[in-house]
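Student: Protein chains in written order, with this note's numbering: chain A, 75 to 342; chain B, 75 to 342; chain C, 75 to 342.
Among the hints, erroneous ones may be present.
Within a straight-line C-alpha distance of at most 30 Å, the following computed BS3-like cross-link-like pairs (lysine-lysine) qualify [to be verified]:
{"hint": "1", "chain 1": "A", "residue 1": "K339", "chain 2": "B", "residue 2": "K119"}
{"hint": "2", "chain 1": "A", "residue 1": "K324", "chain 2": "B", "residue 2": "K324"}
{"hint": "3", "chain 1": "C", "residue 1": "K324", "chain 2": "B", "residue 2": "K324"}
{"hint": "4", "chain 1": "A", "residue 1": "K339", "chain 2": "B", "residue 2": "K100"}
{"hint": "5", "chain 1": "B", "residue 1": "K339", "chain 2": "C", "residue 2": "K100"}
{"hint": "6", "chain 1": "C", "residue 1": "K100", "chain 2": "A", "residue 2": "K100"}
{"hint": "7", "chain 1": "A", "residue 1": "K339", "chain 2": "A", "residue 2": "K324"}
{"hint": "8", "chain 1": "A", "residue 1": "K89", "chain 2": "A", "residue 2": "K119"}
{"hint": "9", "chain 1": "B", "residue 1": "K339", "chain 2": "C", "residue 2": "K119"}
{"hint": "10", "chain 1": "C", "residue 1": "K324", "chain 2": "A", "residue 2": "K324"}
{"hint": "11", "chain 1": "C", "residue 1": "K146", "chain 2": "C", "residue 2": "K119"}
{"hint": "12", "chain 1": "C", "residue 1": "K89", "chain 2": "C", "residue 2": "K100"}
{"hint": "13", "chain 1": "B", "residue 1": "K324", "chain 2": "B", "residue 2": "K339"}
{"hint": "14", "chain 1": "A", "residue 1": "K119", "chain 2": "C", "residue 2": "K146"}
To be clear, the hints were calculated from the coordinates, so they are not data collected in a lab.
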Amino acid sequence: MTYTIQQIADALGAKAVGDTTLRIAKLAEPATAHADDLALAMSPKYAQTLSDGAALAAMLWPDADWQGMGLKAAILPDRPRFAMSGLTRMMDPGQGFETGIHPSAIIDPAAQLADDVTVGPLTIVAAGAQIGAGSIIGPQCYIGTGASIGKNAYLRDHVSIGARVNIGDNFIAQPGARLGGDGFSFVTPEPSTVEETRKTLGNRGDTKAQQWARIHTLGSVTVGDDVECGMNVTVDSGTIRDTMIGDGTKLDNLVHLGHNVVVGKNCL
Amino acid sequence: MTYTIQQIADALGAKAVGDTTLRIAKLAEPATAHADDLALAMSPKYAQTLSDGAALAAMLWPDADWQGMGLKAAILPDRPRFAMSGLTRMMDPGQGFETGIHPSAIIDPAAQLADDVTVGPLTIVAAGAQIGAGSIIGPQCYIGTGASIGKNAYLRDHVSIGARVNIGDNFIAQPGARLGGDGFSFVTPEPSTVEETRKTLGNRGDTKAQQWARIHTLGSVTVGDDVECGMNVTVDSGTIRDTMIGDGTKLDNLVHLGHNVVVGKNCL
Amino acid sequence: MTYTIQQIADALGAKAVGDTTLRIAKLAEPATAHADDLALAMSPKYAQTLSDGAALAAMLWPDADWQGMGLKAAILPDRPRFAMSGLTRMMDPGQGFETGIHPSAIIDPAAQLADDVTVGPLTIVAAGAQIGAGSIIGPQCYIGTGASIGKNAYLRDHVSIGARVNIGDNFIAQPGARLGGDGFSFVTPEPSTVEETRKTLGNRGDTKAQQWARIHTLGSVTVGDDVECGMNVTVDSGTIRDTMIGDGTKLDNLVHLGHNVVVGKNCL
């Protein structure tokens, strides 16, 4: 799949200059770009390295002197960093997941999937789970009992969604992300050393060694729209009500959210 | 499944007052409780928010003025925080795993499972593994060669138990917990920069770049009774003897225990 | 499998003394060694505990007085810590994976596997993936589209290798290691609070709440030879070019490498 400079600029709502019929196969850093790459040189610092590569076209900044850089064409977006979002989306080769329900997937008859949902090989969808239109569930995932996933989700491999987790639209989960583990909550029959020490500001009194009793997790996790979870992220369910993640929030790899946490909107 | 106030109080060994025939469907925080919920208001601070919700019954503290709060019934446990353990256990809806051996599970003929063990879909149990009575192994787990799991274990999905890991009774593992990885242990043919610097208190001498040789892991992991491991926990095997986790210890999500570690009893 | 003291010493290129026909079944720490164990007492401190155990033979240091310790035989390597590498490799019982392609593995017809590759149960190898000679891919792994793994790899269970990840020879991955997640990279339509604050050294100006747009990940991960990744490690793909891990580098459990990172050779 190749695009002309003009097609790319139109898709980004950006200005194209020079020979806008040049065809671009992929993106590259300026110093290592080939002749059919679009070099990403969105600041003067990166533009200086264009001469180390062989790019004929580059994405620059609004008033960049593209001809002085020896280029045949250029794209000049108003906000180059934001243009990267649309540009990388156009060029994303993806994971190559096949569409449709793989025959090795195990889907409970009591699960509800929209017609066009993809479920990858060796993925399990438990009873009562719901998956919205346009969603892609990757390989080897587990979607728990009564869990709900909105429209246009994209889950990569080995993702765990626990029972009754409720997720909005456009959810993205990287490999090994886990939502809906039991909360880490224990209590001793008598006040523990920690409780006693807090209460008395340091005096441990006559507390003795005790075993921990488990406080079971009755809540789950509620996730808004446009949320992304990185690889091996862990989000615990809430004790009584759900742990909450607001619309637009993104969690990086290996982030841990404990039980009962409430995360707002658009947190990064 | 609903319970009367009296049934709940009896199960907890707590005092019930008022109309103890009221039926409870679930637990709730005071401010968001419905009429058939049991509100959890175990301190005056939480009790103040009862009027924001519609609860007719609440779990309070020993001498709470339940009538002054406008309630029809109440449960008054001696140690409300500890009562939460029994109460949440009664109300736990669980993950909804089906019982029995799922036909897609791959169980080596040389594995030994007690009669009533549950093994979830797409789980693998390798040769020589042993699983005790009452244990539930969730979906997509891997139980390694010669591993041993005691009675009444509860493993959720995507759990890894390495070869020869030895686990006591009542073990709980959250999704993606991993026990029995190879220890992180390497050595250089000649003393490395780190060793030389330690020995000479700072003089790096004439050490040179070297490749790392692997010290293989011959031990495994020994886990006591009543241990719980959170999501994506990692516990390495010991080099010569086993890494050890004592009875009653609980590890939160994403905890890492290195090789040869010895963790005591009831650690949290 | 047992070895004589002489066989072990020969394999390590070390000096053997005493009754070198003694047979050794396994390694042990000095204080808990049995009569057919080789005690590891490679410094005077550990040698002091030999009398607490029943070892007849030990691995010591070059000029150790093995007879004074009451031993019948000993191995005296020049660099005892390095000798541990060869010794533990000889004695490693491994995970007991069966060789060959398991019938439950799902291998795309367009994947290329060398003749002697092992693929464990419930593992997926996607289209265009390549796996080199002598490699062992454990159970429940996912090898993505167009990924390439060199010779003699050893992957344990639940490992994720994303699309187009390119790995050299002798790669080792512990359970749940993940390479090739999408990078964590987002941008706002207008300059965000963070950008504005950095630029103005503290003045937030009139920035307003905005949604995050995703910068898609077009690169992947390039991994050199002799690399090891611990359990639940996460390595993100690069945005335009690959994230890089140099030859001989080892990552411990739960290490996270972000997108575009370049890690050198033999890093520990």
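Student: Does the structure break any of the earlier hints, and which numbers would those be?
Tutor: 6 and 14
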